[in-house]
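A.B. asks: Same order as they appear, the protein sequences are chains B and Z. The C-terminal residue of the first sequence carries number 358 in the working numbering, and the numbering is unbroken. The C-terminal residue of the second sequence carries number 711 in the working numbering, and the numbering is unbroken.
Calculated directly from the structure, the hints in this document are not laboratory data. Source: prediction; values computed, not measured. Where a beta carbon is used, it is the ideal one built from N, C-alpha and C, also for glycine. Take the hints with a grain of salt, since some may be wrong.
Stretches of chain Z that chain B covers, calculated by requiring three or more beta carbons in the stretch to come under 8 Å of a beta carbon on chain B [claimed, not checked]:
1) 582-596
2) 602-609
Some chain Z residues flagged as far from chain B (calculated, every beta-carbon gap over 10 Å) [stated by the list, open to error]:
3) Phe-387
4) Gly-399
5) Thr-452
6) Glu-455
7) Val-462
8) Pro-468
9) Arg-476
10) Phe-504
11) Leu-508
12) Arg-509
13) Phe-538
14) Leu-549
15) Ala-632
16) Trp-648
17) Glu-657
18) Tyr-668
Pairwise CB distance ranges (calculated) [stated by the list, open to error]:
19) B:Ala-302 / Z:Ala-628: 48 to 56 Å
20) Z:Leu-546 / B:Asp-17: 25 to 33 Å
21) Z:Met-687 / B:Arg-70: 55 to 63 Å
22) B:Glu-111 / Z:Leu-546: 34 to 42 Å
23) B:Arg-70 / Z:Ser-565: 46 to 54 Å
24) B:Pro-107 / Z:Ala-628: 51 to 59 Å
25) B:Gly-8 / Z:Ala-628: 42 to 50 Å
26) Z:Ser-575 / B:Ser-135: 55 to 63 Å
27) B:Pro-88 / Z:Ala-520: 22 to 30 Å
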Amino acid sequence: MGQIHLHGIRKSYGPVDVLKGIDLRIGEGELVVFVGPSGCGKSTLLRMIAGLDRPTDGRIEINGTDVTARSAADRGLAMVFQSYALYPHMTVRQNMAFGLQNARMAPAEIEARIVDAARMLEIEKLLERRPGQLSGGQRQRVAIGRAIVRRPTAFLLDEPLSNLDAELRVSMRAELTALHDRLGATMIHVTHDQVEAMTMADRIVVLRAGKVEQVDTPLNLFNRPANLFVAGFIGAPGMNLWPGEATGDGRVRLDAGPVLAHPGPAQPKGARMTVGLRPQHLALAGEGAITATVGLIEALGAETVVHGTLTEGGARVLAVLPGQLALDKGDTVRLGHAPAALHLFDAEGQRLAGADAA
Amino acid sequence: MSRVTAFLTRRRGGPGSILGWHWTDIVTFGWLAAGLIVMFGPALWLILSSFKTPAQLVEFPPSFLPFEARTAVVEGFDEPLPLYVVTDEQGPRTLAEVRRVGTVAQMVDPANPAEVQRVDIADRVPDRQFGLALENYTEPFVHFDFLLYLRNSVFVTLVATAITLLTNSMAAFALSKYQFRGRNAVMLTVLATLMIPLSVILVPLYSIISAVGLFNSLWGVILPTVATPTGIFLLRQYMLTIPDELLEAARMDHASEWQIYWRIVLPLTAPALAVLAIFSVVWRWNDFLWPLVVLSRREVYTLQVGLNTYAGELNVQWQYILSMTVVTMIPVVIVFIFLQRFITTGIAGTGLK
Numbered sequence: 001m002g003q004i005h006l007h008g009i010r011k012s013y014g015p016v017d018v019l020k021g022i023d024l025r026i027g028e029g030e031l032v033v034f035v036g037p038s039g040c041g042k043s044t045l046l047r048m049i050a051g052l053d054r055p056t057d058g059r060i061e062i063n064g065t066d067v068t069a070r071s072a073a074d075r076g077l078a079m080v081f082q083s084y085a086l087y088p089h090m091t092v093r094q095n096m097a098f099g100l101q102n103a104r105m106a107p108a109e110i111e112a113r114i115v116d117a118a119r120m121l122e123i124e125k126l127l128e129r130r131p132g133q134l135s136g137g138q139r140q141r142v143a144i145g146r147a148i149v150r151r152p153t154a155f156l157l158d159e160p161l162s163n164l165d166a167e168l169r170v171s172m173r174a175e176l177t178a179l180h181d182r183l184g185a186t187m188i189h190v191t192h193d194q195v196e197a198m199t200m201a202d203r204i205v206v207l208r209a210g211k212v213e214q215v216d217t218p219l220n221l222f223n224r225p226a227n228l229f230v231a232g233f234i235g236a237p238g239m240n241l242w243p244g245e246a247t248g249d250g251r252v253r254l255d256a257g258p259v260l261a262h263p264g265p266a267q268p269k270g271a272r273m274t275v276g277l278r279p280q281h282l283a284l285a286g287e288g289a290i291t292a293t294v295g296l297i298e299a300l301g302a303e304t305v306v307h308g309t310l311t312e313g314g315a316r317v318l319a320v321l322p323g324q325l326a327l328d329k330g331d332t333v334r335l336g337h338a339p340a341a342l343h344l345f346d347a348e349g350q351r352l353a354g355a356d357a358a
Numbered sequence: 359m360s361r362v363t364a365f366l367t368r369r370r371g372g373p374g375s376i377l378g379w380h381w382t383d384i385v386t387f388g389w390l391a392a393g394l395i396v397m398f399g400p401a402l403w404l405i406l407s408s409f410k411t412p413a414q415l416v417e418f419p420p421s422f423l424p425f426e427a428r429t430a431v432v433e434g435f436d437e438p439l440p441l442y443v444v445t446d447e448q449g450p451r452t453l454a455e456v457r458r459v460g461t462v463a464q465m466v467d468p469a470n471p472a473e474v475q476r477v478d479i480a481d482r483v484p485d486r487q488f489g490l491a492l493e494n495y496t497e498p499f500v501h502f503d504f505l506l507y508l509r510n511s512v513f514v515t516l517v518a519t520a521i522t523l524l525t526n527s528m529a530a531f532a533l534s535k536y537q538f539r540g541r542n543a544v545m546l547t548v549l550a551t552l553m554i555p556l557s558v559i560l561v562p563l564y565s566i567i568s569a570v571g572l573f574n575s576l577w578g579v580i581l582p583t584v585a586t587p588t589g590i591f592l593l594r595q596y597m598l599t600i601p602d603e604l605l606e607a608a609r610m611d612h613a614s615e616w617q618i619y620w621r622i623v624l625p626l627t628a629p630a631l632a633v634l635a636i637f638s639v640v641w642r643w644n645d646f647l648w649p650l651v652v653l654s655r656r657e658v659y660t661l662q663v664g665l666n667t668y669a670g671e672l673n674v675q676w677q678y679i680l681s682m683t684v685v686t687m688i689p690v691v692i693v694f695i696f697l698q699r700f701i702t703t704g705i706a707g708t709g710l711k
């Protein structure tokens, strides 16, 4: 059991609304990632679920029970903090045992759970050490271990990987995902790193300024972003977004010059819209619709990232081209794309049309 | 050892300068020496003086080291006689004084006790040697209720310090880790009491103690002193540095607020608690005015008040006051020597001066 339902969660600090009515259903065993730029309220939302903060308005249900008024300890959740929050004066074993002792569990049961969790996380040799004697990755494991021994309804992870170096972060990411598969428990993971979100999540909740922008699987977010914000936020490097005007015959004239056929039904002539195109969907083509001047070239070996400007109009264009290319700064290239790869957003930034092309 | 010497005698002046001394060396060593004298001079003077006899304490010019007069047992006299070195026209010699009348002393040669010589007291100096008047120390232990006073002082110091640590850390915990309306106002009020000296509240405090029946009780000394603004401030500043996430983690771990305080916050505040403990021990041990007001029976005197009994209305027994002052200093000095590293790290950690 590990269903979490949020109904109209609001949080205000004085006149500042941090969360503006969040509704969310998280199913049992799901790994849900809250992602968004800093200040979007994702950590605040997690703290509400944990019970560390009280929502100004709204209801939180866990397994169908309203827990809004319950204290953090009585919600049956476990949290891994960004700073790990290990008790510095206790050994790893004491850190893991603390919560169980407070719940008045039998010592034999506590020991069994600690041994179990330590084996799972490969920290058996560290049990008698103090947090100060551990490396960042080891502390991370201990923090997760402290959550595991509680056998919680759901795990809440607040940017747990942000204090690790890049290499360790990648391996811990995989380990966390593997751990989720093994435990089968509900997990809510908060991060500002969209790559982390894409690689780990069953479903991603994209937040901005206290509102949910879109909730969907990683690939659906990538392929069918609901609005301009999600389109720009998900995917690296970011999507090319060009404003333009419908010509009325199923095409769009970009402010930067080119005229492109847009997907979906024809829009009324003169309607403002924004066209989005992922850099990966551009390819060198002799008769491509887009002509660009090469500015900066990032040769990554397997692929080449070209930062350029549209020759007409000068809007920025980003293309990720496979392989190693003999291009120089200042070269003019013609770029083509499948018409179906275009995303179309209306004047308010909401999705109008776009293909599901991967 | 040689490295210590090398460190202590390091100078800026090199071989090229005059005698290897730069002017800043002279200023530095002069300043340090002056500081050493200012800091340790009075203490050293106290210790040396505590070994002097009453006569030597009042003599002028004072001597630096304690001396005792040499005496000789002379045939025909029951008591040992004090010896003097006499320098007059008959040449220098050592004589024992029998009695003194005005400026003339009757003296005898210990080797020839039959012949009494008359010597002008201007022509003689006492024959003295370095000696410690240990009776200054032994006498109070026998005739003075030193052990009783010591027990009272130890009781007051230990109990007051324990209660101080407990109450102040609880107040500091609330003032640093809970958000509530008026928190800053409470903190400011606590700090504001720093500005009120004891002498201002002495009379009302006395009324309260008297009204609740704690007059002439050691608890009357202990209780009014246990809540110290300095202690609360010091601990609060330290607790502010403990991350809130630790407390939140503990809350998720089913810890009650008391457990958070007792098992998480207190152990982590240990360095600041050590500092406050040292301060509290020194304060309570050296307390004089308040115990003097509360305690009027000898059985409940603390050491500092007990010492005061040597200062009578008509005469002051300086030798005992000095010696017992040295004795009462010892615990405080020991506390400082062993815990000084806590003081420096603890104070550095709290930003307190």
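A.B. asks: Now tell me if each hint is right for this structure.
C.D. replies: Against the structure, the hints:
1. 582-596: n = 0 at 8 Å, threshold three: violated.
2. 602-609: holds (count 6)
3. Phe-387: At about 42 Å from chain B, Phe-387 of chain Z clears the 10 Å cut-off, so the statement holds.
4. Gly-399: holds, 43 Å
5. Thr-452: Given that every Cβ of chain B is farther than 10 Å from that of Thr-452 of chain Z, nearest at about 71 Å, it holds.
6. Glu-455: Per Cβ check, Glu-455 of chain Z is outside 10 Å of chain B; nearest 71 Å; holds.
7. Val-462: Per Cβ check, Val-462 of chain Z is outside 10 Å of chain B; nearest 79 Å; holds.
8. Pro-468: holds, 73 Å
9. Arg-476: Holds, since 82 Å exceeds 10 Å.
10. Phe-504: holds, 41 Å
11. Leu-508: Leu-508 of chain Z is indeed farther than 10 Å from all Cβ atoms of chain B, at 36 Å.
12. Arg-509: holds, 35 Å
13. Phe-538: holds, 15 Å
14. Leu-549: holds, 27 Å
15. Ala-632: holds, 14 Å
16. Trp-648: Answer for Trp-648 of chain Z: holds, closest chain B Cβ roughly 36 Å.
17. Glu-657: holds, 43 Å
18. Tyr-668: Per Cβ check, Tyr-668 of chain Z is outside 10 Å of chain B; nearest 48 Å; holds.
19. B:Ala-302 / Z:Ala-628: 48 to 56 Å: At 54 Å between Cβs, range holds.
20. Z:Leu-546 / B:Asp-17: 25 to 33 Å: holds, 32 Å
21. Z:Met-687 / B:Arg-70: 55 to 63 Å: Holds: the Cβ-Cβ distance is about 58 Å, inside 55 to 63 Å.
22. B:Glu-111 / Z:Leu-546: 34 to 42 Å: The hinted range 34 to 42 Å is violated for Glu-111 of chain B and Leu-546 of chain Z, with Cβ atoms some 49 Å apart.
23. B:Arg-70 / Z:Ser-565: 46 to 54 Å: This hint holds: roughly 50 Å between Cβ atoms.
24. B:Pro-107 / Z:Ala-628: 51 to 59 Å: violated, 27 Å
25. B:Gly-8 / Z:Ala-628: 42 to 50 Å: holds, 46 Å
26. Z:Ser-575 / B:Ser-135: 55 to 63 Å: Given about 57 Å between the Cβ atoms, the range holds.
27. B:Pro-88 / Z:Ala-520: 22 to 30 Å: holds, 25 Å
Going through the hint list in order, the structure does not satisfy hints 1, 22 and 24.
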